[in-house]
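Listed below, chain by chain, are the residues.
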Amino acid sequence: MDIKPGSPYDINGACFNADMYVKKVLKESNLKQVMDHEREIHQDIQSLHSDMQTLVYENYNKFILATDTIGKMKNDFKNLEEDMEMLLSKMDDITKSSETITSTLHANRDEILKLSETHKLLKRFQFIYTLPTTLNKLLLKEDYAQVVQEYLHAQRVLTQYGNQESLKGILNDCNNIVNELMQILYSHLRDKDITGKELTKSVDLLLQLDEPVLSLCKEFLLHSKNRLFESLDVLQLQVENLNQDMIEFIDLGSDTFLSQLCIVITSFNDMFIENLSKNDEETDTTLNQLNIFVEGNMIRYLEIVQCYIDKNTSDTAILVRALDRFFRKLQAIGKLFSYKDFTLNALEIISSAARRQTKIHLAMLKAHFNDKLSTVRQSLVSLQKLNDNGFATESLTSLTSDIIEKVKGILRDISTFLEPEVSFSTKYALRKSISVDNVREGLVVGFLHYLSSAARSYTICTPCPPAFLFLIMTKMCLEYQTSGISYLLQLVDETYEINKYFEKKPKNSSQLSSEVELASDMHSAAQELVNYYVRVEGLAISQMLKKSVETRDWLHSLEPRTVRAVMKRVVEEITSVDSQVGELFEEGMRTDRSSDSSRRTQLSRHIRAWSSGGTATNTQTFSAINRLFSERIDIFSPVQFSRVSITTGIIKISLKTLLECVRLRTFNRFGLQQVQVDIHYLQLYLWRFVSDENLVHLLLDEILSSSVHRCLNPILMEPSVVEIICERG
Amino acid sequence: MSNPLIYGVEFQARSLCSLHADMDQVSFLIGTQSLNTTNNQVHLVKLQEKTNTLSSHIYEHSVGEIWSLTASPMDKRLISSCYASIERDCEKCTALWRLPENDGHLENVLNFPSEKYGTDVKVTTFHPTNETYMASVVDNNIVMWDIGESGVKVICNAVLDGKGQPRFTTGKWNPQSVNLQFVTADDCNIKAWDLRSQAKIAWSLDGVHTQVIRDFDFNPNRQYYLATCGDDGYSKFWDIRNSSQPLISRADHSHWIWSLRYNPVHDELIGTASSDGQVLITRLVGISSSAIENEDIKTKTSVEDKIVATCDQHEDSVYCVEWSATDSWILASLSYDGRLLLNKVPKDEQLRILL
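Protein chains in written order, with my numbering: chain A, 3 to 731; chain B, 45 to 399.
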């Protein structure tokens, strides 16, 4: 049977309707079922009934018990009331008896108080009497602080009553013990191995014992000095051995010397300065002592560091890092010890280190340059013929751009001094001295000056280096003049912000060497070198010509058949020199040339003058007039930096030499004709090398006219024959 | 140099000497060099101080062209010449001449028998103090002559030996030496010969120029100091006690330096002549005799070495310079075209030296 709970059919529900339930059961179930159901319900009713009976019984029992208890309680309360009344009366009795006792005892109380006082005093006396032994014991236990405390405790009394016989002995004993203690403490001060803490304690105790501050200071500082000196000696040893790297050295210095110094300063401050804050005069003197002490030690330390840096040759990065640490440490000390600023000294050391570093770099740069130069020189010597076209430009690069690259590297290297993370890089004066004095003026400008002077020095060098070297160096100087100098200066000005230091005034010429000055110096060096080159080459060719004229017997010459071999060699030599020059220098300006054909037919003016039937005097007059109207030839006018100008210079010197040689000889007819042939040959070949061919003509004319003068029988050859001989040979 | 006095010879010339014995007047001798005339001449040029003009005497030297000319330091009429003899196929000879009272031919005093020593006589010089001694430089020989009463005698002959037929370029007596010391130049070397003991070389400066030494001169006032010049265009100044390094080396000329002379009085002034056509007067105070005198006065020694005068009025190579024996401010220079210039030391330089 499915019955919803709460419905009237729920037999356990509250709104159960028995009639409806029976009806329902009857309606829905067959007889058997009804009977079963009836039996079920009957059983349920029976069990429920028995349950109810038990419950009722139990509760009844409890109720009876409760009623009994209440009855008992009523009786008990009656007893309690009686007892309370009894207690009250007894308390009253006690109060009364106590009052009587108090009143009886009052008379004796004062006496007892006095007695206890006396007892206390006696105890103290005992303390004093036992003091020496106590102190001794403590001393043996090395509990010095306690000793001092006890002593100070008793000292007042002892000194107050010290005139009494009995106490005098004690006082003496105590003093002896304390003296002993002070001895020990002082010995601590002198002891090398004692720690700072113990030392401080000792000093503190001594101070408590009213030792004079000044002498204590002295003792203390003396002691500290010994210890500091030890560490300084260790450092000194490092300087001599130099087996550590720079950073390690600085660290060692900071760890030993500087930290010790710091401890000394702090403990000194703690011990003396703060205790003495009242007495100005004494403070001053102690402070003064400290100052002298610190300064003395620091100066020695700085000297050692300076020494080390001077001797050490580590590279810039390490140097800068070490210096950075060094500077930071000193700054820290500056915070601790404010009376003197050692960072200034440190800056000096740093700037000297920077100066030294730049100097080393400069020296290396110079060596490098000399190296390259001697390499070029050597290869010039070994390279007999300079047909290798790349050689000149290659050497030139090795002397210019390679060097400039090197300088660039050095600038980068030195600039680590000024990197922002380096602690001292913010110091203006230091920056300025490094940037302006050391790097710009010292290194870059110094090197450029060295370059020009080194190049110059080759002109007085013996034995004379290969002539081509001068040409290369000339070109090198020119390259520096036109681009190298400005590039380097710009680079250094930018990297080191040189202009920053000269913002207020316009660039002061006395402080900064200007680009123009350097360039003009370089230019003049180049000029000297090229002049020297022309001179050397000119003299070399001159020598050939000279020998050829001097060794021949011109008075007994035979009729010329060919051009003399030396003339061909001269032309060859000039051609090769010209091509050498051409490798490095531009062509240069030429005056207009006459056409080739006209040159071929052109006759020497002298020949024409001569063949028109003149005499020697005539020719001389002619040559004088000729000179009057032609421009004066400067045999050695300043050479310009062009191929033509250089070659012209060499040719001029050579021809002038030929002229001088011819004038020293005397010719017969055929000798003169030989000269005529030679001259014509030169005329055919030399014009192409010079800036103004008239110049060559003029000089050659002069030579011919001089040989006419020096001829006993001056008859010239037919020009056509001369031409044929020249073409043949 | 402002306006030097000019004297012109119409032939080429490469010999000039100062007439040392004439102490009254500034006078120079020029010898012409011309193959094409038998009429070579010696010109005696004198400065007329009153009018500041030049006057001249012309003497005929008909034996040949003159290559070198020297005047006696004692006798102002006595000169010697080296010439290319026309008679003997241009071989060079040397002779002693006396200047006649009036213009005309030179009086031949004697001919030196130089031909047995060689064909190229470079120079014949008078001993600075002994009238009877003379010396000639011939090829690789030094021949010392005695020209006493009994004609010419050979006293001594020193020979330069070596490979490649060395020859002397020039020579002169060492005026600083009291002995008979004769100094020569050959190629790049300077040698001093002690003529008392045949061919003994007293001292030498070897390989001091890269090319031929053309001329040298002794400092007249400072012992051991010598100047050389040559084809390498350098003039070098030496202390002969230290032959390794010149005291000063200068390259002021652009071609051969042919002649170099110390000023006889103010030896800080040096005149040089070069085939670049220039004559220079260079002041070198540091190595002069006045530097010793003023050793304690440092201010004077700080005067820098420099060229104090440049003469570029020659049109041709200049082969000779000579200081006047009388007026030490006058430097004569002779160029190949026969032009003689009497140059004066600039006024302010004169003042600087005198004050």
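Simulated from the structure, these hints should not be mistaken for laboratory data. Hints may contain errors.
Claimed, not checked - Quick list of in silico lysine-lysine cross-link-like pairs, DSS-like style, CA-CA up to 27 Å:
no.	chain 1	residue 1	chain 2	residue 2
1	A	549	B	207
2	A	170	A	139
3	A	549	B	235
4	A	549	B	160
5	B	120	B	207
6	A	549	B	197
What the hints assert, rightly or not - Simulated restraints, written as ranges between beta carbons of each label pair:
no.	chain 1	residue 1	chain 2	residue 2	range
7	A	526	B	146	22 to 32 Å
8	B	247	A	396	47 to 57 Å
9	A	666	B	247	21 to 31 Å
10	B	199	A	526	49 to 59 Å
Note that this is a predicted model, so its numbers are computed, not measured. Cβ atoms here follow ideal geometry from the backbone N, Cα and C, with glycine treated the same way.
Which numbered hints fail | 5, 6 and 7
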